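Student: Sequence:
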Amino acid sequence: MVKQIIWSRRAQNDRKEIFIYWNKRNKSNTYSKKLNRLFKEAVRLISEYSEIGKSTDYTNARIKIVSDYLIIYEVDLKDRLLILTIWDSRQNPKRLERILRK
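Here our numbering is used: position 99 in the sequence shown is 99, and no number is missing along the way.
No lab work stands behind these hints, which were simulated from the structure alone. Each hint should be verified, as a subset may be incorrect.
Calculated cross-link-like contacts (lysine-lysine; reagent style BS3-like; alpha-carbon spacing at most 27 Å) [as the list claims (entries may be wrong)]:
#, residue 1, residue 2
1, K16, K3
2, K24, K40
3, K64, K3
4, K3, K27
5, K94, K78
6, K33, K16
7, K3, K24
8, K24, K54
9, K54, K27
10, K64, K33
11, K54, K64
12, K94, K54
13, K24, K78
14, K64, K94
15, K64, K40
16, K54, K33
None of these values were measured; they are calculated from a predicted model.
Please put together the full structure from these sequences, using the hints given.
Tutor: The structure is reproduced here in structure tokens:
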């Protein structure tokens with residue numbers, strides 16, 4: 001179990017942009033609220049069972065699938081859960097590789 005959950009600036013912006021997109025597209029915040037609940041539940045599960053996500057080729061980075069999105073995270077040596085990004089899996093994966101290399 002992790003001691004602290006830290007959302008990177010990128011992950012915070014990703015989540016915000018996802019909600020803005022769905023609010024505009026649906027002219028309602030109902031779906032955004034549903035996604036937010038799914039994201040929160042996934043992060044809660046990750047915080048309890050940090051190895052629940054699929055391992056990646058990148059050191060310590062793991063992926064938890066939530067609907068059409070990937071929550072990309074790692075747990076550091078101080079048992080902190082770092083949410084790196086939320087990625088729409090329908091996007092070009094090469095762009096994600098560039099993000100993870102940074």
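Student: The structure should be examined with respect to each hint, and the outcome stated for every one.
Tutor: Hint by hint, here is what the structure shows:
1. K16 x K3: 25 Å, holds
2. K24 x K40: 22 Å, holds
3. K64 x K3: 19 Å, holds
4. K3 x K27: 38 Å, violated
5. K94 x K78: 30 Å, violated
6. K33 x K16: With a Cα-Cα distance of about 12 Å, the restraint between K33 and K16 holds, given a limit of 27 Å.
7. K3 x K24: 36 Å, violated
8. K24 x K54: Distance of about 32 Å is beyond 27 Å: violated.
9. K54 x K27: It is violated: about 34 Å lies between the C-alpha atoms, which goes past 27 Å.
10. K64 x K33: 19 Å, holds
11. K54 x K64: Within the cut-off at roughly 6 Å; holds.
12. K94 x K54: Given that 27 Å is the threshold and the Cα spacing comes to 18 Å, the pair holds.
13. K24 x K78: Violated. K24 to K78 sits at ~39 Å, over the 27 Å cutoff.
14. K64 x K94: Measuring from Cα to Cα gives roughly 18 Å; hence the hint holds.
15. K64 x K40: 12 Å, holds
16. K54 x K33: Measuring from Cα to Cα gives roughly 25 Å; hence the hint holds.
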